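> With the hints in hand, could you dock these two chains into one complex?
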Amino acid sequence: DTAVSQTPKYLVTQMGNDKSIKCEQNLGHDTMYWYKQDSKKFLKIMFSYNNKELIINETVPNRFSPKSPDKAHLNLHINSLELGDSAVYFCASSRSGGLNEQFFGPGTRLTVL
Amino acid sequence: GESVGLHLPTLSVQEGDNSIINCAYSNSASDYFIWYKQESGKGPQFIIDIRSNMDKRQGQRVTVLLNKTVKHLSLQIAATQPGDSAVYFCAETEAAGNKLTFGGGTRVLVKP
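The listed protein sequences derive, respectively, from chains A and B. For the first sequence, position 79 (counting from the first letter as 1) is numbered 79 according to the numbering used here, and the numbering increases by one without interruption. For the second sequence, position 1 (counting from the first letter as 1) is numbered 1001 according to the numbering used here, and the numbering increases by one without interruption.
The following block holds chain B by itself, in its conformation from the complex (with noise of 0.2 Å):
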């Protein structure tokens, strides 16, 4: 079946650099993707989305780019805080329907 990401990696970064997390996807068809930021104990939060007919979105601290050739998403985090140490997840779903797929998660530790 098609799939999104399906490993938990952990990016470990310093307090005040950018973060970058990666998502590839396979399903072709996808219209819309979507970033959730998931912290312990909490359900996922939306953090920023984007249709398949952009390549770039931005929103406060966060840039998504989407890169359909090769089907990649990405999530960029600038000047990342201790706030940000959270599970990052990308979901993508097709126009048909609201069902999202998920991917496995990034988890994202700020070092102080």
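Pulled out of the complex, with its shape left as it was, chain A reads as follows (with noise of 0.2 Å):
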């Protein structure tokens, strides 16, 4: 029962693959985001989704693409990985219109060699 889960947890992968995370909700919020979280925890929103639009994209290399294949899912497609690409991304959803509280996914860590 799982609110916000994504997948995988760990993620290890050489420079130049291409890689994707997912991410699923089963809170019935409109809403989805992704965050980065580098390695001083420093937080900061990459994305979000509102009824599988985009309404916020921060200046992210379009190397990062989301996908919104419906409400429930944000997934994180990233090509040609870089070295600075590790970090641990977080997934999060709130209800929309209006200030609401944002629920994390346990986050995915990605390496790059």
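These are calculated hints, taken from the structure and not from any lab test. Hints may be right or wrong, so weigh each one.
Stated by the list, open to error - Each computed DSSO-like pair below joins lysine-lysine, with the alpha-carbon atoms no more than 27 Å apart:
(1) B/K1099 with A/K40
(2) A/K71 with A/K52
(3) B/K1071 with A/K40
(4) A/K67 with B/K1111
(5) B/K1099 with A/K71
(6) A/K36 with B/K1099
(7) B/K1099 with B/K1071
(8) B/K1042 with A/K71
(9) B/K1099 with A/K67
(10) B/K1071 with A/K44
(11) A/K40 with A/K71
(12) A/K9 with B/K1099
(13) B/K1071 with A/K36
(14) B/K1111 with A/K9
(15) B/K1071 with A/K41
(16) A/K40 with A/K9
(17) A/K44 with B/K1042
(18) B/K1099 with B/K1042
(19) A/K36 with A/K22
(20) A/K9 with A/K36
(21) A/K41 with B/K1111
(22) A/K19 with B/K1111
(23) A/K36 with A/K19
(24) A/K9 with A/K71
(25) A/K41 with A/K9
(26) A/K22 with B/K1111
(27) B/K1042 with A/K36
(28) A/K44 with A/K67
(29) A/K71 with A/K36
Stated by the list, open to error - Derived coverage of chain A by chain B (criterion: at least 3 residues anywhere in the stretch with Cβ under 8 Å from a Cβ of chain B; other residues may be distant):
(30) 13 to 25
(31) 39 to 48
These numbers come from a predicted model, not from an experiment. For every residue, glycine included, the Cβ atom is placed at its ideal position computed from N, Cα and C.
This is the structure:
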């Protein structure tokens, strides 16, 4: 009965590869997010989708492409991985329309070698 | 750009004592503030929130204080327990959207 789930939890890959991280929420929320947390624990928003539409795109390189097949899923695809992409990526979701709490997934630790 | 508390300081506290975690924010248009707790290997977890029309809000063992004049937010944890050991983040957003801006976090270490 996990509210926001992500797969995989750990991802180790070589530079130049393409990889995807999946996120699903069963809270019935309309809005989903991707955040990146660096080695200093700094959390920064990357993308936000509302009802499958992109509403926030925080100047993330276009190697990162979020895809929302439906309201309950927001996947993150990363092309041509670079060393600097190594981080923990968190998915989150919230209700839309106002000031609403965001619920976070457990994170995916991506290591690019 | 706007920023919210960009450091990761560490607060060591004795079990049973009260903890106070501080956060400075710079976006005067922020309407909504949240404290999150992140335990090792997990995602951030909501603790308590406060809207800009309030200056204090209490939860179970936690109190958030908001001082809009000096753009300062604090989280007080009463009778700190070992399970409170974590990194705590403040976050803020404007009413116009759901974009949360996070502070740099404070690590709390509870000594038995």
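> Work down the list of hints and note, for each, if the structure agrees.
Okay, the hints, checked on the actual structure:
no.	hint	result
1	B/K1099 with A/K40	holds (21 Å)
2	A/K71 with A/K52	holds (6 Å)
3	B/K1071 with A/K40	holds (24 Å)
4	A/K67 with B/K1111	violated (44 Å)
5	B/K1099 with A/K71	holds (18 Å)
6	A/K36 with B/K1099	holds (14 Å)
7	B/K1099 with B/K1071	holds (18 Å)
8	B/K1042 with A/K71	holds (23 Å)
9	B/K1099 with A/K67	holds (19 Å)
10	B/K1071 with A/K44	holds (20 Å)
11	A/K40 with A/K71	violated (31 Å)
12	A/K9 with B/K1099	holds (25 Å)
13	B/K1071 with A/K36	holds (25 Å)
14	B/K1111 with A/K9	violated (30 Å)
15	B/K1071 with A/K41	holds (23 Å)
16	A/K40 with A/K9	holds (19 Å)
17	A/K44 with B/K1042	holds (16 Å)
18	B/K1099 with B/K1042	holds (21 Å)
19	A/K36 with A/K22	holds (14 Å)
20	A/K9 with A/K36	holds (14 Å)
21	A/K41 with B/K1111	holds (22 Å)
22	A/K19 with B/K1111	violated (41 Å)
23	A/K36 with A/K19	holds (15 Å)
24	A/K9 with A/K71	holds (22 Å)
25	A/K41 with A/K9	holds (17 Å)
26	A/K22 with B/K1111	violated (38 Å)
27	B/K1042 with A/K36	holds (14 Å)
28	A/K44 with A/K67	holds (19 Å)
29	A/K71 with A/K36	holds (21 Å)
30	13 to 25	violated (count 0)
31	39 to 48	holds (count 7)
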